[in-house]
Amino acid sequence: MFRYYAKLGLLSIRRNPVLSALMVAAIATGIGACMTIVNIDYVMSGNPIPHRSELLYHVQLDSWDPYEAAEEPNEPPDQLTYIDGKALLEAGKARRQVLSYRTGRVIQPEDDAQLPFQVSSLSTTADFFQMFDTPFLYGSGWDKSDDDGMAYVVVLSRAISEQLFADEDPVGRNVVMNGDTYRVTGVLDTWQPTPKFYDVSNDSFGEIEEVFFPFSISIAKEVDSYGNTNCWKPTGETGWQAFINSECVWMQLWVELHGDEEREEYKAFLNAYVESQKAAGRFPRPMNNRLYDVMQWMQNREVVEDDVQVLLGLAVLFLLVCLLNTIGLLLAKIMRRSGDIGLRRALGASRRAIFSQYIVEAGLIGIAGGIAGIGMTMLGLQGIKLLYGEFEFVERLVRLDWVMIATAIVLAVISALGAALYPTWRACGIHPASQLKSL
Amino acid sequence: MLSMKNVSKIYRTESIETHALREFSFSVNEGDFISVTGPSGSGKTTFLNIAGLLEEFSNGVYELDGQNVTNLSDAQRSRLRNEKIGFIFQSFNLIPELDVFDNVDVPLRYRGFKAAERRKRIERVIDMIGLGSRAHHLPSQLSGGQQQRVAIARALAGEPRFLLADEPTGNLDSQMAESVMQLLEEINRAGTTIIMVTHEKNLAKRARRNIFMHDGRVGSNEPGLHLAAASA
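First to last, the protein sequences are chains A and B.
Going by the working numbering, the first sequence opens with residue 9, and the numbers climb by one from there.
Going by the working numbering, the second sequence opens with residue 103, and the numbers climb by one from there.
Derived by calculation from the structure, the hints in this document are not laboratory data.
Accuracy of the hints is not assured; some may be wrong.
[As the list claims (entries may be wrong)] Partner residues aside, some chain A positions facing chain B, computed with beta carbon under 10 Å:
| id | residue |
| --- | --- |
| 1 | Met9 |
| 2 | Ser20 |
| 3 | Val26 |
| 4 | Asp155 |
| 5 | Arg344 |
| 6 | Leu355 |
| 7 | Ser358 |
| 8 | Ala361 |
| 9 | Arg434 |
| 10 | Cys436 |
| 11 | Ala441 |
| 12 | Leu444 |
[Stated by the list, open to error] Now the in silico label distances, taken between C-beta atoms and shown as ranges:
| id | chain 1 | residue 1 | chain 2 | residue 2 | range |
| --- | --- | --- | --- | --- | --- |
| 13 | A | Ala29 | B | Glu219 | 19 to 27 Å |
| 14 | B | Gln243 | A | Met343 | 39 to 47 Å |
| 15 | A | Ile422 | B | Asp167 | 40 to 48 Å |
| 16 | B | Ser245 | A | Leu19 | 19 to 27 Å |
| 17 | A | Leu429 | B | Asn173 | 23 to 31 Å |
| 18 | A | Leu429 | B | Glu125 | 40 to 48 Å |
[Unchecked claim] Non-contacting residues of chain B with respect to chain A, defined by C-beta distances greater than 10 Å in every case (computed):
| id | residue |
| --- | --- |
| 19 | Leu156 |
| 20 | Phe191 |
| 21 | Arg226 |
| 22 | Met230 |
| 23 | Ser281 |
| 24 | Lys307 |
Just so you know, even glycine gets a beta-carbon here, dropped at the ideal spot from N, CA and C.
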């Protein structure tokens, strides 16, 4: 019977094109508004590294002010001091560990005709590439021996590689940055985790860095941090040594741990480390170490702004208003067909058959509303792009993938079916005898 | 095969009670052709609606084909209506966006017949009413008489035991009315029981039995032209 009801539904839609178009428009508008925000929320709150997110942990130690938490109510700072980062890295208690901070370098192209230009950079350790499963177009990352041996090695983003070497494989070739010559070990393929989970302290939705080079080199070369730096007490003396020995937090440590046992062991290690530091007169606050996996860390950092959640609530309310309109239109349409319903009842249709017929018709309207709603969503996303296009990350938030397209259709159909419940129930209650004379 | 005993139907509003049928008793035998006449408001249509299971009654007993219909569920009443009763209405009541074939198909769909069986039945009844060549015409492309013939075909496609006709010629000119009446007589001769509500005395007389209703009751129950002619 489903095909029969679908055929009747299509006939009914053709019979009342204006009313049907209004219903489709009401659903499409609601779905468009809702899905625009849902899509942004979906992209912002998605898992940027789903196959490894439960193995990667962000490390926090509470080295902060004894009289005031780094963040209320009792959050430890979101980054580490150099002293702690280096100590934990050198202890090597996790399977892999990445210590990094954001900085900038100036590249001097081989061609003298080209002017030097600045690139965003990440000072990091060898495990970065394997831990975060970065895709390589050419070559690979560097080794731990390069970290230890302070080798001048570099991994380039695809865009920078193309800028410097066009389509050639640059592995083994040199790049001069701030007067030092680095050997290219690899070129990343297109890679843009969203959110940029490994550094949400600086820019959750920013583009990945253009150049990656060893942490050991950046410390030796006294390369300043371009990221957030927070201090709870003065560094005392000025200069690089004073800064790296201070209680300022400015770098992130990620570790790779497999299973509960490794996690518990690493926590115990962190506790022991903090105890030893307390004994040395540091860490005046009570023990407050944190190990968050990727998604926990995104949640903790509230990567998805509260504003988006509020907008999402408003969008759902707007969808409800559109559905109320749809209920009214559907009710008008069904009541106009009272005679048809009465006749079908006289010819043997049960209430259930009438219910099914009109629910299927509502489903068809929902599908049409969903398809039109995808168009409205695209319009909405383009509108956001027009309004906020100056922010680079917006480009990545306004993509509509297949999951969202399917979600729009499913949401539209469910909405239409929900809106159809009352009118259809009324249709089932139509008394056949009262309609047949009026036909 | 259709029996009503002391059936009453009372319409109630907040302030008024209207007795549409008052202890109405009536029975129909297999193969009957009964005309029901009476002034407006005498309860003819209410009787037809109750007989056709389109309306529930307030009191009494109604047995259709030996089955007491008093406490049947909506689904049971719908199935019984679909299997045993065919309706013919004054205004034809065809669905305008469906062609002749699909209009006749409507009750068969609810019966759950397979496509081949439905097609066979539809083609048979459309040929019987002489509209085989117009199976894919819309109702608006047919004359009033042809539309009523399609309605009769629709009523007959499910091979019902009863045909309930409410003023079947009321919207037709005399020539078309005669043609429809002849078709109904032919159907009755083939064995289908017909109950026809009409205002027209000439048509009423052509039934085997004529029921005159007055004030929700049977005023008189007389043989029609057929029986009167036979007894003379």
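We went through each hint and held it up to the structure:
With its C-beta approaching chain B no nearer than about 7 Å, Met9/A sits inside the 10 Å limit, and its interface hint holds. Checking Ser20/A against chain B: minimum C-beta separation of about 8 Å stays under 10 Å; hint holds. Interface restraint check for Val26/A: the shortest CB-CB distance to chain B comes to about 16 Å, outside 10 Å, so the restraint is violated. The criterion of a C-beta within 10 Å of any C-beta in chain B is not met by Asp155/A, whose closest approach is roughly 75 Å, and the hint is violated.
Hint on Arg344/A is violated. Least Cβ distance to chain B is approximately 13 Å, over the 10 Å limit. A cut of 10 Å between beta carbons decides the hint on Leu355/A: the least distance to chain B is about 4 Å, and the hint holds. Hint status for Ser358/A relative to chain B: holds, with the closest Cβ pair at about 4 Å, below 10 Å. At about 6 Å, the closest approach between the beta carbon of Ala361/A and any beta carbon in chain B falls short of 10 Å, and the interface hint on this residue holds.
Violation of the interface hint for Arg434/A is found here, the shortest Cβ-Cβ separation to chain B being roughly 15 Å, above the 10 Å cut-off. With its C-beta approaching chain B no nearer than about 9 Å, Cys436/A sits inside the 10 Å limit, and its interface hint holds. Taking 10 Å as the C-beta cut-off, the interface hint given for Ala441/A holds, the closest approach to chain B being about 4 Å. Evaluation of the Leu444/A hint against chain B yields a held restraint, the C-beta minimum of about 6 Å falling below 10 Å.
For Ala29/A paired with Glu219/B, a C-beta distance near 38 Å fails the hint of 19 to 27 Å. The supplied range of 39 to 47 Å is broken by Gln243/B and Met343/A, whose beta-carbon atoms lie about 28 Å from each other. Our hint of 40 to 48 Å for Ile422/A and Asp167/B holds, since their Cβ atoms are close to 44 Å apart. A beta carbon spacing of about 23 Å between Ser245/B and Leu19/A agrees with the range 19 to 27 Å that was offered as a hint.
In this structure, Leu429/A and Asn173/B meet the distance hint of 23 to 31 Å, their C-beta atoms being roughly 28 Å apart. Checking the proposed 40 to 48 Å range against Leu429/A and Glu125/B shows it holds: the Cβ atoms sit about 42 Å from each other. The beta carbon of Leu156/B is not kept farther than 10 Å from every beta carbon of chain A, the shortest such distance being approximately 4 Å. With a minimum CB-CB distance of about 6 Å to chain A, Phe191/B fails to clear the 10 Å threshold, and the non-interface call is violated.
Non-interface status of Arg226/B relative to chain A is upheld: no Cβ of that chain comes within 10 Å, the nearest being about 18 Å off. Residue-level check passed: Met230/B sits 19 Å from the nearest beta carbon of chain A, beyond 10 Å. Against chain A, the non-interface label of Ser281/B holds: every CB pair exceeds 10 Å, the least being about 22 Å. With a closest Cβ-Cβ approach of about 25 Å to chain A, Lys307/B is found to remain outside the 10 Å limit, as its non-interface label requires.
Of the numbered hints listed earlier, those contradicted by the structure are 3, 4, 5, 9, 13, 14, 19, 20.
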